[in-house]
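With the sequences and hints as input, model every part of the structure.
According to numbering that gives the first Met the number 0, the sequence shown holds residues 0 to 131 in order.
Keep in mind that the hints were calculated from the coordinates and are not lab data.
Do not rely on the hints blindly, as some may be mistaken.
[Claimed, not checked] Okay, derived cross-link-like pairs now, DSSO-like style, lysine-lysine, Cα gap no bigger than 27 Å in a straight line:
1) K89 x K53
2) K99 x K21
3) K68 x K99
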Amino acid sequence: MLALVGLLLTFHTFAQTDQLRKSIYFNGGSFEIDEFQSEMLSDWLDSIPNLLDKYQIQLISHTDPIGGKEYNQWLSQMRSNEVFQFLIQKDIPENSITIKDWGLENPVYTNQTYRGMRLNRRVDVILHPLVF
0 MLALVGLLLT FHTFAQTDQL RKSIYFNGGS FEIDEFQSEM LSDWLDSIPN LLDKYQIQLI
60 SHTDPIGGKE YNQWLSQMRS NEVFQFLIQK DIPENSITIK DWGLENPVYT NQTYRGMRLN
120 RRVDVILHPL VF
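Shown next as structure tokens:
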């Protein structure tokens, strides 16, 4: 029983300080946010009460390795810019958003499989809690 209480306290503490994250996925070689992804991101942002009062937004973009380093850095920047523009259209101020474009560097998923490459074609929208 004590272990269960410890686990619940650990989870509760973790949940209070944890960031929120939503990944926007792209087709290979594309930086267009499709209608489904757009709707999901919009619904997710709308579901967070007092978003601008509670969170700093970070965009982290990734690509698969197809096309080489320079191309993927450009594609990564184009993808993060599309998400950035989407957020601006949702009336989120520019100074609330930071961007890190990884390109093909630092993949989270393996690029040795098709599934891994698909999962690396994304921009993560991360909400970091503001600390007062």
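For each hint, the structure was consulted:
{"no.": "1", "hint": "K89 x K53", "verdict": "holds, 16 Å"}
{"no.": "2", "hint": "K99 x K21", "verdict": "holds, 15 Å"}
{"no.": "3", "hint": "K68 x K99", "verdict": "holds, 16 Å"}
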